[in-house]
Amino acid sequence: MHISRVDLNLFTVFEAIYSEGSVTRAAQQLHLTQPAISHALNRLRQMFDDPLFVRQGQTMVSTPLARSIIEPVRQALRGLELTLTDNGNFDPAQAVKLFNLALRDVLESTVLPPLLERITQQAPEINLAAIQVERRELVSELAAGTLDLAIDMLLPLPNEIRRQQISRDTTVVLARRDHPLVKGKLDLDMYLQAEHILASSRRKGMGLEDFELSRLGLQRRIRLRCQHYFAACRVVSQTDLLLTMPEGYARIANQQFGNQILPLPVSMPSWDVYLYWHQNVEHDPANRWLREQVIQSVSGK
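Mapped onto the working numbering, the consecutive letters of the sequence shown carry residue numbers 1 to 301.
Since the hints were derived computationally from the structure, they do not count as laboratory data. A couple of the hints might just be wrong.
[To be verified] What follows is a set of in silico ranges between Cβ atoms, one per label pair, in the way DEER data are often shown:
hint : residue 1 : residue 2 : range
1    : 216       : 51        : 53 to 63 Å
2    : 183       : 251       : 16 to 26 Å
3    : 89        : 124       : 14 to 24 Å
4    : 267       : 164       : 24 to 34 Å
5    : 75        : 5         : 13 to 23 Å
Yeah, the Cβ is synthetic: ideal placement off N, Cα and C, and Gly gets one too.
Whenever a hint applies, use it, and build me the whole structure from the sequences.
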């Protein structure tokens, strides 16, 4: 079928149903009536000779064909959007827009406060959604435009994903104020003698500090594995466990607990944080503006 015979608005409906998993929510997203969305879906089904979505309970589940075409459709819609908006003009003071930013929860407390301070001063109608995305989904979501930017550690991503280092952090160790072993200083023997907390979103596996210890033929005792550094800081304040974490977040999360913050007594690579975006928004004025806000807010300028 030639593209001249296709209503391109149908693909906007297709992407909305796929993202929302619901005809009703797709209608709300696109500000259309539910019958209009249902009519568009019927036309899509005829066009592809496939149901595309099958109702299971309250959810519209995509068929294999729908899953196979969603990324090309998203990239095509993103390309059209950029073609229409990339005229070199972007006025943050007048723009009404939602940016989606992917970052790990450990970075939210260090990145979001200065970033939102800058954005609210310059752009009263621009909103930001900070979300957590599986790393294996970053490339497809950045390409599709469902993510505008991502902030994470150095990742092995393809060349189509642009990157820039925006910060570097050191590793420290937290111990409670009256820890029987740690009294203002911490050497390697004390570190290995103590028991530890490992904060990680993964269900198993070593922390970065454990890899460095293993290079030296050393091993520490992990007494507790938990998901979040903030919870780990509280556990530290009430036990003799030690916590190893990035210094920047440690100084934020530890404020109400008063734990000791000490240098890690073993050499560790720095925590390098990168900003990621897709090459198709390299010159997009809105995305370029947001990148500048992130870089300047993290650098403290």
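Checked hints:
1. 216 with 51: 53 to 63 Å: holds, 58 Å
2. 183 with 251: 16 to 26 Å: holds, 21 Å
3. 89 with 124: 14 to 24 Å: holds, 18 Å
4. 267 with 164: 24 to 34 Å: Between residue 267 and residue 164, where Cβ atoms are some 26 Å apart, the hint holds.
5. 75 with 5: 13 to 23 Å: holds, 22 Å
Comparing the model with each numbered hint stated earlier shows that all of them hold.
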